[in-house]
Amino acid sequence: MRVAVIAAALALAAAGCSGDAPSGGSRIPICEVRFAAPDGFAPSETHEERFDDRIGVRLGFADDAGHELHVFAGIRGEFGEGLPGAGDVDLADGGTAAVLGGDDVWVVRWDVGDVCDPRVVLVNGYDRDGLQEVLTDAGLVASG
1 MRVAVIAAAL
11 ALAAAGCSGD
21 APSGGSRIPI
31 CEVRFAAPDG
41 FAPSETHEER
51 FDDRIGVRLG
61 FADDAGHELH
71 VFAGIRGEFG
81 EGLPGAGDVD
91 LADGGTAAVL
101 GGDDVWVVRW
111 DVGDVCDPRV
121 VLVNGYDRDG
131 LQEVLTDAGL
141 VASG
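Numbering follows my numbering, with no gaps: position 36 of the sequence shown is 36.
In short, the hints are calculated from the structure, not lab data. Honestly, I wouldn't trust all of these hints.
Said to hold, decoys possible - FRET-style restraints, in silico, Cβ to Cβ: (1) D104 - R50: 32 to 38 Å; (2) D90 - E48: 27 to 33 Å; (3) D93 - D64: 26 to 32 Å.
Don't be surprised by glycine CBs; every beta carbon is placed ideally from N, CA and C.
All chains should be modelled from the sequences, with the hints used to inform the complete structure.
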């Protein structure tokens, strides 16, 4: 099982929607998000949700200190509802993501303009500086 979770996590290392899956004779995209678990994080869960036009994904990661990261692509919802705005971050691919949250609970959300929007990373266990650092380590946001 752990090998399957790790394989699923590695499959999500590229941006966009790729890797087609059969659906009634046609092929639909499997959503992906550019994200590499930072050092010390191990996969904790993986979930795929089938829609008519895509397969949305959710990946979870945790470390021994109790920090958690949850990455979503193509699963729509009200991520961060009720959390205050906390600015933006510059993504490594040149885009911008909105940051919501405070204290040690954060939601980072962005769109790239395809069927797999939104992309979301939920992070807990870090202050704002730690959030920036973990997102940089994951290759999601631009360093510096």
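List in ascending order the numbers of the hints, as given earlier, that are violated by the structure. none
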